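Asker: Note that the protein sequences, when read in sequence, are chains Z and V.
Going by UniProt numbering, the first residue of the first sequence is number 1, and it counts up by one from there.
Going by UniProt numbering, the first residue of the second sequence is number 1, and it counts up by one from there.
Be a bit skeptical, because a hint or two may be false.
From the derived model, a few chain Z residues whose C-beta atoms are all more than 12 Å from chain V [as the list claims (entries may be wrong)]: (1) Arg81; (2) Gly241; (3) Asp304.
Simulated coverage check for chain V against chain Z, where a stretch passes if three residues somewhere in it have a Cβ under 8 Å from a Cβ of chain Z [what the hints assert, rightly or not]: (4) 44-56; (5) 62-73; (6) 172-184.
Which residues of chain V face chain Z? A partial, calculated answer using Cβ under 10 Å [as the list claims (entries may be wrong)]: (7) Lys32; (8) Trp35; (9) Arg203; (10) Leu204.
Just so you know, the hints here were simulated from the structure itself, not pulled from any lab data.
On a predicted model such as this, the values are computed, not experimentally measured, just so you know.
Note that beta-carbon positions come from the ideal geometry of N, C-alpha and C, so glycine has one too.
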Amino acid sequence: MKVMAQMGMVMNLDKCIGCHTCSVTCKQAWTNRSGVEYVWFNNVETRPGQGYPRRYQDQEQWKGGWVRNRRGRLALKAGGRWRKLLTIFANPVLPNIRDYYEPWTYDYETLTDAPLGDDFPVAQPTSLISGQSMAVEWSANWDDDLGGGPEIGPRDPIVERVRRESEDKVRFDFERAFMFYLPRICEHCLNPSCVASCPSGAMYKRAEDGIVLVDQDQCRGWRMCVTGCPYKKVYFNHRTGKAEKCTFCYPRVEVGLPTVCSETCVGRLRYIGLFLYDADRVTEAASVADEHDLYAAQLDLLLDPHDPAVIAAARREGIAEDWLEAARRSPVYKLAKTYRVALPLHPEFRTMPMVWYIPPLSPVVDRLTETGHDGEDAGNLFGAIDALRIPVEYLAELFTAGDPEPVRGVLQKLAAMRSYMRDVTLDRPRDESAAAAVGMTGAEILEMYRLLAIAKYEERYVIPTAYEAQAHHLEEIGCSLDVDGGPGMVAASGPFGEASGRATPVSVETFHALRTRQTSDSLADPGERGARVNLLNWDGKGRPPGMFPPPRETPPAPGNLTAGGGGPESAVGAPTSEDRR
Amino acid sequence: MSILDVLLWGVLPYVTIAILVGGTVWRYRYDKFGWTTRSSELHESRLLRIGSPLFHFGLLVVIVGHVIGLLIPKSWTDAAGLSQDAYHLQALVLGAIAGFCTLVGVGILVYRRRTTGPVFSATTRNDKLMYAVLIAAIVAGLATTLLGASGGEEHNYRLTVSPWFRSLFVLQPDIEAMARSGLAFQLHTLIGLTLFAIWPFTRLVHAFTAPVGYLFRPYIVYRSRTGGPASRAPRRGWERVGTAPGGSSARRGR
């Protein structure tokens, strides 16, 4: 048994309202540069729908992930080492930019510069790739909220598969349509096929927390990772010629802050925590013969952080005590393994994904009530699960390789919780049989309810910092301590202004930002950070000085910017002239 | 042996080697981030999937041909019982086919680069210069192969160019041998030297990091957060922002 720690995420799809706040804040933090205009490390898809990039789930077309070959061993679907090297001069299955979408901006200048005339001036869309005028025909969420439903929806690869079994299950006519939202980030898989596909060895899984990253200095732009990832979550920066992907916001996670997408999630549907898993058995688990067993095999990899044998083995591997403590409090472990309500996305790709989803319980209560039944009675709810608008078969194709039983089990648990909690809320005798019917006790149901419904920030995000255990070999610190303006002098900027001199290493900057945040009196005090605000460190509280340009009436004296002085009143005080402008 | 001969065949090769080696070391140390194929397959793949393998595989055969022709002395093949005519024939056939593939391949690639809007706008001046030198080298090389079909002593590069090339590496350049060879060979050699001199400063560097190691490493790579090849000193400066034409570029403040 080789115990390793893995950062994981769970998303509760019942709560997702499809507002795309996660996508937008992620883009602002990570991909608001040229070369990655079309890239969304986090995107929210309406299901049924084709997804982003178009039909990415159809691996017969895109050749992502692993397959089990005739000898029962795992092989990359796009071909092994020799095949990769022989096709390296032109990757045979790289998505075109149009499979994502051609990014565009608008010719806004026309709106103000157009001469007086009878017609309103129009801002034409302009391609960010070629600079030419273009017709916008597709985007990352073109079929949002079932836009173009009857036309676009049937091309959803999962709809195609479910329909092969029963035409009745998926309907797009208005009365019988259904939809739900699926936010997606990189899965940070235990058995990442993108890493295995990289000829240069530039992609790697971090040994400490399992985050999958691209070494930008070692990437040579062979593009095999884009093909290798079945979720199409590795992207090619067409300007730098390098691969880029979701980083699980590692500079934030390292200091104990949740990812930007989680931090800004309006529905508070994301949970972040640690899994402990057995690295020795990953390949074995990913190669089980029957696809339906993959979910169980993946679950089996996750080790019980309360088990003394696991704790002892983890200590032997050098996992720090605060990490073990975090693993014991991990909300994602509870949801995935203890309560078994979270399911992995497309386990049939055999990558052992580590972002889990609680499937949505579609509006079932109202429908039951309409038919004259008690909509919140456990028995009625259980019976109705197969008649839900969102077909169990569709969810099963997403989360359990087509096996409806685990999905049915999760939905029954959610229904039982609903029924049980009604009795609690109305102060009626609790119906323990509803809990027992799904193999839980009333106390467990209450705990699960608490985690799903009212868990606070500290309970949803249990993230150990990288520093407590490993402070003595902080990344990058060795090479930056000995320069002028090193980490001890964060506030200092170079001799030729803010951007000159060496930049402060990310980990050092976040370390200082966290310390300031923990020790200062004000809500947000980047203080001596001067006029620069690193949004990655912003905890959403208050308005740090420097986030907005100084008021025009009082031009700042030289040196004023770096001297800071963001006292409490300027951070959280009443609206100032800046707000009114 | 004129001064020009000494400069061209005695001095220039060493200058080129110095630039090639020094430039590559410099580039690897200071511009690992820029060390990439700068693929444009994201924009266009139909022509690329024909042109690029044709060019690259043709080029690999051409390289093998050069190694054989330049490094293996004529006396060795004679001793192996391969007559000059037989050698010449196989070199001509293989060389002509491979050279032709390479030329057609690069032709397709340049056509694609010029006619596909996004690919053309991603083409730098550096790329254009590199393409010009590269195509000139291929054309001149193909010309020497075809001219060599007519036979004759001055076209037998294994008596002129090859001894000179090998003599470079023992630091006793046989300038006279090279000066004796035909004009076409001299031209091709000069263009080749130019190509090697600009090599470290163009996208051609990607050839030096051909991922052969992929065959020997485990599939899943783990790296520790501390130390290791992942950590490096941060780079300085701004990134240029090239959004809308005429738009803002890397501006700060107001």
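Asker: Checking each numbered hint in turn, tell me which of them this model violates, lowest number first.
Answerer: 1, 2, 5, 6 and 10
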